[in-house]
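Quick mapping for you: the protein sequence lines, in order, are chains G and A. Under our numbering, the first residue of the first sequence carries the number 1, and numbering increases by one thereafter. Under our numbering, the first residue of the second sequence carries the number 64, and numbering increases by one thereafter.
By construction, these hints were calculated from the structure, which means they are not laboratory data. A few of these clues could be false.
Unchecked claim - List time: in silico DSS-like cross-link candidates among lysine-lysine, alpha-carbon distance up to 25 Å:
#, chain 1, residue 1, chain 2, residue 2
1, A, K158, G, K57
2, A, K210, G, K57
3, A, K157, G, K26
4, G, K57, A, K159
5, G, K56, A, K158
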Amino acid sequence: METTNEISKKEVENQINDLFKLLLKKTGLSKKDVIEHATREFIANNINMVTSVERKKFRQLVF
Amino acid sequence: MSENLSYHLYIDTNVLINYFTGQTDDVNCLNFLFKRTEKLYTSTLALVQMVTQLQNKTSKRKPFKKEKIFECLDFIRQKITILEVSEDDVFYFKKKTFVGNDIEDFIHYSISKKISCGKIITNDTGHFLNFVGIEALEPYKYLALKKKK
Chain G
1 METTNEISKK EVENQINDLF KLLLKKTGLS KKDVIEHATR EFIANNINMV TSVERKKFRQ
61 LVF
Chain A
64 MSENLSYHLY IDTNVLINYF TGQTDDVNCL NFLFKRTEKL YTSTLALVQM VTQLQNKTSK
124 RKPFKKEKIF ECLDFIRQKI TILEVSEDDV FYFKKKTFVG NDIEDFIHYS ISKKISCGKI
184 ITNDTGHFLN FVGIEALEPY KYLALKKKK
């Protein structure tokens, strides 16, 4: 049974989402901007895991 | 994960020009970066391009006088590490497939790769879209993503 002291996962997720929206509004960024930034950073930090053979598949990209 | 390359930032020509011509986003971004520990880089190519632009008049401003341009160059030298453009940078398209239309930005990319810049601060992010190892961010976006208010 859930008590008032227990953390509701759903409620935390909602609050994180609301906080995210609030910060997007304050910074003037869009969700797409943040996702693009995180994606680019993730790729740059892990690019050494992609082999030269795999890289050839991505003809439009410069590694 | 490998080393976080975000620590090295390459500053593009247009940001330098906008800084000295007083564009708010560029001024705020560079002033913020000057107080931080990120290593800032630009290049002799960017400086020559900047000088060319500053000494020409535009519809919005008069040309900079030479003394003023010398001051700008001295200021950059104090604040930002200046990288040399080599023949290899100019002919980088011989080594890497050049996709896109902006040859000049391809050269900037080659220069920035030499010291593993993780980000380039530029107002023309579109020209850097297909470069995987570097993230191009506009000054206002960089500030919004990094600034702790």
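Hints, one by one, checked against the model:
Distance check on the hinted pair: K158/A and K57/G sit about 17 Å apart at the alpha-carbon level, within 25 Å; holds. Proposed proximity of K210/A and K57/G is contradicted: the alpha carbons are some 37 Å apart, above 25 Å. A C-alpha spacing of about 45 Å is found between K157/A and K26/G, which places the hinted pair above 25 Å, so the restraint is violated. Annotation: proposed proximity of K57/G to K159/A holds, straight-line Cα distance about 14 Å (limit 25 Å).
Only pairs whose Cα atoms come within 25 Å are accepted, and K56/G paired with K158/A is accepted, the gap being roughly 14 Å.
Against the hints set out earlier in the document, violations occur for numbers 2 and 3.
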